[in-house]
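Put the two chains together into one complex, using the hints given.
For the record, the sequence lines run as chains A and B.
Here this note's numbering is used: the first residue of the first sequence is 1, the next is one more, and so on.
Here this note's numbering is used: the first residue of the second sequence is 1, the next is one more, and so on.
Covered by chain A, per the in silico footprint, the following chain B stretches (three or more residues, Cβ under 8 Å):
no.: 1; segment: 6-17
no.: 2; segment: 29-38
Residues from chain B that keep clear of chain A, each with C-beta distances beyond 12 Å, as calculated:
no.: 3; residue: E74
no.: 4; residue: K99
no.: 5; residue: L103
Hints were generated in silico from the structure; no laboratory data involved.
A virtual CB, placed ideally from N, CA and C, is assigned to each residue, including glycine.
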Amino acid sequence: MIATRWRFLVAAGLLGALLAPAAPAQEEKPKAPAPQKAADTQEELIKKRDAKMSLEFLKKADWITDYDKAREEAKKSGKKIFAYFTRSYAH
Amino acid sequence: MVLFCHNTSRVETDPYPSLLGEKGGSGFPYLVFMDQNGNVIAKHQGNRSVEAFQTTMGRADEFLALEKKAASGERDAKLDLFLQQLELRHFNLEQANAKRKELGQLPEETSKKVDGLLIGLEVSQIVGKIQDRKEIAKVGGPLVKMFEAGRIPTGSDARMFWSVLLMYAEETKDIPLFEKLVARLEQDAGDDPRAKAMAESAKKRLEKLRE
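Only chain B is shown next, with the shape it has when bound in the complex (with noise of 0.2 Å):
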């Protein structure tokens, strides 16, 4: 095993400032597995003992096993291997599209995910634009659309498509898009507590916007 420690200092003159990002992480720590090429092939998630660790080594072993059995032609196998590649964000929007193509027709149940997921790239895609809250104006619009087209992404690329499109309306005093936003986040809640939360939350805010 290759340890490496990757620190952000925002030094300007430091290589690799925006490393964390590209490899997938928006907090510290972070902790990944990586190929030799820095592709990153599973992620450590929850506590840190060396069991644990060992656990997510044998997901990371997993992963380089399915990339030599899609190597070697299997069909599930590649289809397996694209799932978990989207997932682990390897690709961008275009060559995750490309890559779509190529694997041709694909089984309801595996193109209703890949739908799910190349969602999910896009909307990490646009927001990766952003520095800081200034930039808001610019990845507005195209998350509006999606909003509208009903193109809502799942899981933690949805908290942050909600974020930014409430932070968005906010700054535009965008009234008839706050409420429609909160209309949905109460429609989509159900009985998840932390969704419950965030809708009640945004509710709050859009009483002081109307003030």
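Same shape as in the complex, but just chain A (with noise of 0.2 Å):
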């Protein structure tokens, strides 16, 4: 079994792979979205969320995607949570 430390390392470790090469400070500056002719219908966003859900870097590291159960594992194991926020709606 890895150890917790270390399986956080593999996923920063991927987690910085997936997102390089991106700009070199994580400004928190809202991105412009893709142009769109008009709004994703909700059946358009629904694949999009299942296309970015079954991305492979979260079937590398044990990924928790439902926040309740993020802080609910926390809180049995005394762990701090690392958290990942990304979009799917736009690239």
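The structure is reproduced here in structure tokens:
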């Protein structure tokens, strides 16, 4: 069993690789969404979400995508949460 | 470490659609460490190497250690913790003011920092009500009052403050207000290239508004 700290470092490494090459500094500026002819329908948004949630990186470590479950797990285990916020509605 | 991935999907039935904003984020990707209750305890900024993440994780551990020290009653630790909690937006404005009262008389330097952070918090709460540009009118009035009272935020809250105020003056075609905003931006820009660029861009918008 890989120790928790090392699992985190592996996940962080994978995440870093997935997010590179991004802007050198993470600035909290809203990114302009890709140009769209009209707003996506709910069906299109669901397709985009499902595509995002089936990306490989989520399978390579124990990512929890449910906020309530993440907090529950953190309380049960006494561990911190590392949170990665992303989006699927635009690129 | 519990690994949590939140995806903003805009699917109406997905839970926690505003979690990014609630946790202090305004763009993607946004990477933070949280405690077991979901309070942000360190924000990751800069490069995304394993070493950089470890550094941020260290800051998260320091925050938790500071919480323990503050809980034991150490006054300096309580003040440091309060400042960090304000920066990490653990409180809404009402809670923050109540906490400040609870701490009693603050050293002058700390009091100034707290005042600055509370102004930033107030601005982010006001601006947080806007979903898109059409709603600017909702928040313009309170922001104008803050501007006229000299209660002007610094840092990233300042950029949001000025952007929304300029948009509001533009939308309402309030040229005198726009002129005052430009004058203040120019006065405060100093040698900061970003601030100077913002003032310059505002001047051009003012010229267009006058046409």
